[in-house]
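J.: Use these hints to put chain B onto chain A, whose structure you have.
Number of protein chains: 2
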Amino acid sequence: MSKLTDVPKRILIGRALRSDKLGETLLPKRIALPVFASDPLSSVAYAPGEVLLVLSVAGASAYAFSPWIAVAVVVLMFTVVASYRQNVHAYPSGGGDYEVATTNLGPRAGLTVASALLVDYVLTVAVSISSGIENLGSAIPFVVEHKTLCAIAVIVLLTLMNLRGVKESGKLFAIPTYVFVTGVFLLLIWGAFRGLVLGDTMKAPTADLTLHAEQGGLAGFALVFLLLRAFSSGCAALTGVEAISNGVPAFRKPKSKNAGTTLAFMGGLAVTMFCGIIVLALATNVHMAENPAKDLLDNGTPVGAGFTQEPVISQVAAAVFGGGSLPFVVLAAATALVLFLAANTAYNGFPLLGSILAQDRYLPRQLHTRGDRLAFSNGIVLLAGAAAVLVYLYDADSTKLIQLYIVGVFVSFTLSQVGMVRHWNRHLAAEKDPAKRRRMHRSRAINAFGATFTGLVLTVVLLTKFTHGAWVALLGMVIFFVTMSAIRRHYDRVADELAADDTPDDGVVRPSRVHSLVLVSKVHKPTLRALNYAKLMRSDTLEAVSVDVDPADTRALRDEWERRGIEVPLKVLASPYREITRPIIDHVKSLRRQSPRDAVSVYIPEYVVGHWYEHLLHNQSALRLKGRLLFTPGVMVTSVPWQLDSSEAAKLRARKRAEWNAPGAVRRGPVTQPKKEKPASQSKKDKAAAKP
Amino acid sequence: MSKLTDVPKRILIGRALRSDKLGETLLPKRIALPVFASDPLSSVAYAPGEVLLVLSVAGASAYAFSPWIAVAVVVLMFTVVASYRQNVHAYPSGGGDYEVATTNLGPRAGLTVASALLVDYVLTVAVSISSGIENLGSAIPFVVEHKTLCAIAVIVLLTLMNLRGVKESGKLFAIPTYVFVTGVFLLLIWGAFRGLVLGDTMKAPTADLTLHAEQGGLAGFALVFLLLRAFSSGCAALTGVEAISNGVPAFRKPKSKNAGTTLAFMGGLAVTMFCGIIVLALATNVHMAENPAKDLLDNGTPVGAGFTQEPVISQVAAAVFGGGSLPFVVLAAATALVLFLAANTAYNGFPLLGSILAQDRYLPRQLHTRGDRLAFSNGIVLLAGAAAVLVYLYDADSTKLIQLYIVGVFVSFTLSQVGMVRHWNRHLAAEKDPAKRRRMHRSRAINAFGATFTGLVLTVVLLTKFTHGAWVALLGMVIFFVTMSAIRRHYDRVADELAADDTPDDGVVRPSRVHSLVLVSKVHKPTLRALNYAKLMRSDTLEAVSVDVDPADTRALRDEWERRGIEVPLKVLASPYREITRPIIDHVKSLRRQSPRDAVSVYIPEYVVGHWYEHLLHNQSALRLKGRLLFTPGVMVTSVPWQLDSSEAAKLRARKRAEWNAPGAVRRGPVTQPKKEKPASQSKKDKAAAKP
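Keeping their order, the protein sequence lines are chains A and B. With full-length UniProt numbering applied, the first sequence covers 1 to 692. With full-length UniProt numbering applied, the second sequence covers 1 to 692.
So that you can see chain A by itself, here it is in the shape it has in the complex:
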């Protein structure tokens, strides 16, 4: 009767809305690079230093291994980048690792990846901000003397910005990122120039210190273990690579191709910067230790607890540009800024992932709809709170926090690559075209190599870092996993409970008559409105009900009722204990007992107020009554609002809230999503169901 007439109105409403909001715009590659790559590029600020720190355990001689470790990290980076280029072509909908794992390995694997990513986001905030503070502190000493305080202040600042809904502008990201990249490249080029062409000796601030080897003269298995530890620390440079796979919809067409190109570009930049910094660090004789207070010696005596160990980038910059010079300060500032922006990516990624998880019913449903300000706010606050706790517990020490960081990332990498292998297996079983098959074989080989390599790294990371803190990350993952499973089970159970039968009655009682009650306390405008509305609805019986709390008020009510000649009969319920709720509940229940097949409709006038404190003064009894009525079967409760003058203020506030921009809007791209790929079994079911 009305299906066809829906279409014109829908198009009308749809177009109207879309033109109202100036919406998200698609990103060109030059803007997409900073937006998505700020996390991996900024990792370059701490990853090289981590390598040197671990190697220092065996003394300065072990630094000679660092180029080899850099090479290993570079190979891993190329592998991961190549693997993810397959991802972005195969899954252009932006589901990322979670989608790949769920589709190919099943829901439990997907949930594992989701838990790992959630933990990862928290640690991105903690590590990036701590490292940013450390880099900033090389230019501003005050900051580093109050590391934890400043770090938590930055977390609070980012939280407030995101709660308010600052639109994540692509340009906002581009500038600091390009300044940082340019700065590092200038550093490398100038350092190479001075060292190779001019022949200068550049000395890092720690060049004259010596390292006390905690375990000097390592050989054999112990040395290999140490090298593996150093390597797994260097893998911190890979964090954030997967973000592009989540953001494919935001690219301009051809989306997958552009995403893949950006990935490659990012990988290239990252490895260049990583290797360059390691080389310069060795050339300028940087000395860094895990326990600088004990193991760094100045003329044989330990430097003690007052010594601040600057990050490797800042030491190299001091050697190449000169400590305190303009390029030095600019680079320190840009590094800190890029790291803070990298933390901001987590604020945007967290709700995005939450929305996808909510769609699959692993998180409360209201996270799924866009622009749900309150739900996003809760997620953002949770993220910030968890990060702040970690920062506090670990004294904003990026080295300690990185030990927790890498686990989640590599769980995600490994499962996603394994999933891709299964993806190609599945497609190879169905595909006949030899050209396509060749490409699929190649892709599968890349993903298989990637899966093996990242799986190995994951094992190494677990082995070497478990006691150093990785167990905390694993614990976090387990907590997320268990909670999300429980939420899913709840929703499934409720869905079963609510599923309508196919019986003629649909499993639902069909009442035949309805009795209406209007709750009144005195005759004023809200009461009269409620009576008018109730009379409109033409129920089988209608009566007004009042509770005798104060005899004087009741008498006045009756008198006024008579005076105005209101036709609706007024029933007064006694209330010896001056309660409101119980007499009404009892009355409703007695009505239901008399006529069990009839429904009861209760009309309650409700004041719409403007300020939060006014809620304390109005509607409390009504709310409590409503709550109790809802437990009674066969009852529906109608609120008849009366907007007080003060509610205008609240209306304006609600309108403003509705125009709030959800974080991460830029990354999601516009709303019309291409259909997600379904596993073979499910798409067959869908095809069967869709037949008319």
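Bear in mind the hints are in silico, worked out from the structure with no lab data behind them. Some clues are possibly wrong.
Which copy? The list can't say, so a pair holds if one copy fits it or any two copies do.
[What the hints assert, rightly or not] Here are the computed lysine-lysine pairs in the DSS-like style, where the Cα-Cα straight-line distance is at most 27 Å:
| no. | residue 1 | residue 2 |
| --- | --- | --- |
| 1 | K626 | K656 |
| 2 | K400 | K656 |
| 3 | K571 | K257 |
| 4 | K436 | K651 |
| 5 | K589 | K571 |
| 6 | K656 | K589 |
| 7 | K589 | K651 |
| 8 | K589 | K257 |
| 9 | K535 | K626 |
| 10 | K400 | K147 |
| 11 | K626 | K522 |
| 12 | K535 | K589 |
| 13 | K257 | K436 |
| 14 | K525 | K626 |
| 15 | K29 | K171 |
| 16 | K257 | K171 |
| 17 | K257 | K525 |
T.: Then chain B, alone, in the frame of chain A:
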């Protein structure tokens, strides 16, 4: 049509309810005494010591004045008791000082008294518990080493007990109170016996210490000021006397007579104990100082900060019974217990006063109805929180807290006695019978003397204690006064806004047609129920509305709609931003624009859940939508509940909550209150209005 038929049902419902609840029982005098008098009687534990403390400023020689001060306190006590006996006969409804002041002096005076009483309750808790801890500490040293901690622990314990709603059993009060009174009397008698008959020398633990006089050799004006200060400290013994005037309804008949007798008895006990303790303290050479660390000297050297100054009762008990003996410990325990019970009276009095104030619209309305558990809980928590803050700020030192205590009490006394004088004036103007006139003259004289005396004491207290802490209490009173005035103004303003006109339309638009919408997301039982109910209500148009958040879900919904052949037309609203609220609000607004004189009724299925966390998973979008809909004029919102299985648990919890006993129920007496006396002008208006 139905006014006469209300009566039988009302009687029926009324009787049924009253027999359900086993209700409050009326109190015989022997139980009423402990219930109402525990506060004044327990003041005896600290008031004598306060007198000695203040006098010690002028050295031990000033102790000689203490008997005179005791006499002054006794006279004041008799005056106040005699005055309040007039109160209980003239105002037997239990309104207390607030009612007397409001009725006779106007609403502002009444509000002042109310503010003073509220501050008084907070300080009763703080002072009684601190003093109880000090007395307990004389038997258990651990307690006194962690005074603040133990005091706050006791506050928390009492709060939990009251939140849970332990029925204030009269017997629970009686035993510790009688043990305390008996114990003190035994102390006095045995002390008198040993001292006068046996001729023993009883030495208090501080007998051998000497006092360093901070201002030795005082004379003239300064000495008088000091004596006045000591006197006003001794007035702490009067706190709580007015409680009986609040509790007259709880006595057995003849209520006023019994209340008056109990007052007299209580006064007698209190003065006897007060004087007896002062005498014994002097006889056993108790030395107490305001700053014991500096001013108590042991062989010329100050005792220092480690010294614990025991309360006077425990020092006297140590001298008479022997420190550590069984009677000593029993008395210490009974004293502490009685003080904790006195604090509990505040937990019961606060909500009682709150209920009366709410009836006059000075506090949120829901405090007025009995058994409103949530409102009472809020009040109890507020009281406990304020008391805990004070205890923390003043280190649980009862001496410092008492400086704040006395102001509120005497504001209340003075205003109440002045009000009584006006009361008698008014009655004398109307009364002709000479016998009654003579009695009224006598009562007026008593109240006038009481008013003068308490007014003087109030001035003395303000002068002597303002800088010592009384300003804090005054600040609290001002805050309460301002808040309550603001609440009253708000209610008055809203009442004006809502008052129905006398125009034919009653100032309210009368819509002629109604359009119903049912919100659906998928076809399950709650949806079917909502559709059934909406169909019952027979509105002019009815349609089902869904928002297209997920194309797959919408397609499934349409298919199911067709398959079941549901007659209600289904309209799908587009939502490019995956919001639910805005498309629906826009649709409703467009309906209203098309037909401005019609009402719109929106049916929203609502899940009734069992556990708090389930609220996070359901209904969130519905709640937000409801909130926005209520701002739109001409709209009513109907919740059609679906009780999930888990809601059974919540139903049971709600039933249990309904059977909760409100604190202070014992004191209020049963519900049928005699009519409150109205001021002359208002009762004339009532008589005029009541004419048919």
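J.: Does each hint hold? Answer for all of them.
T.: Structure-based check of all given hints:
| no. | hint | in the structure |
| --- | --- | --- |
| 1 | K626 with K656 | between (29 Å within a copy, 17 Å between copies) |
| 2 | K400 with K656 | neither (42 Å within a copy, 51 Å between copies) |
| 3 | K571 with K257 | neither (74 Å within a copy, 40 Å between copies) |
| 4 | K436 with K651 | neither (58 Å within a copy, 62 Å between copies) |
| 5 | K589 with K571 | within (15 Å within a copy, 36 Å between copies) |
| 6 | K656 with K589 | between (43 Å within a copy, 18 Å between copies) |
| 7 | K589 with K651 | between (37 Å within a copy, 14 Å between copies) |
| 8 | K589 with K257 | neither (66 Å within a copy, 45 Å between copies) |
| 9 | K535 with K626 | both (21 Å within a copy, 22 Å between copies) |
| 10 | K400 with K147 | within (14 Å within a copy, 41 Å between copies) |
| 11 | K626 with K522 | both (19 Å within a copy, 25 Å between copies) |
| 12 | K535 with K589 | both (22 Å within a copy, 22 Å between copies) |
| 13 | K257 with K436 | within (17 Å within a copy, 105 Å between copies) |
| 14 | K525 with K626 | both (21 Å within a copy, 21 Å between copies) |
| 15 | K29 with K171 | within (12 Å within a copy, 82 Å between copies) |
| 16 | K257 with K171 | within (22 Å within a copy, 85 Å between copies) |
| 17 | K257 with K525 | neither (65 Å within a copy, 47 Å between copies) |
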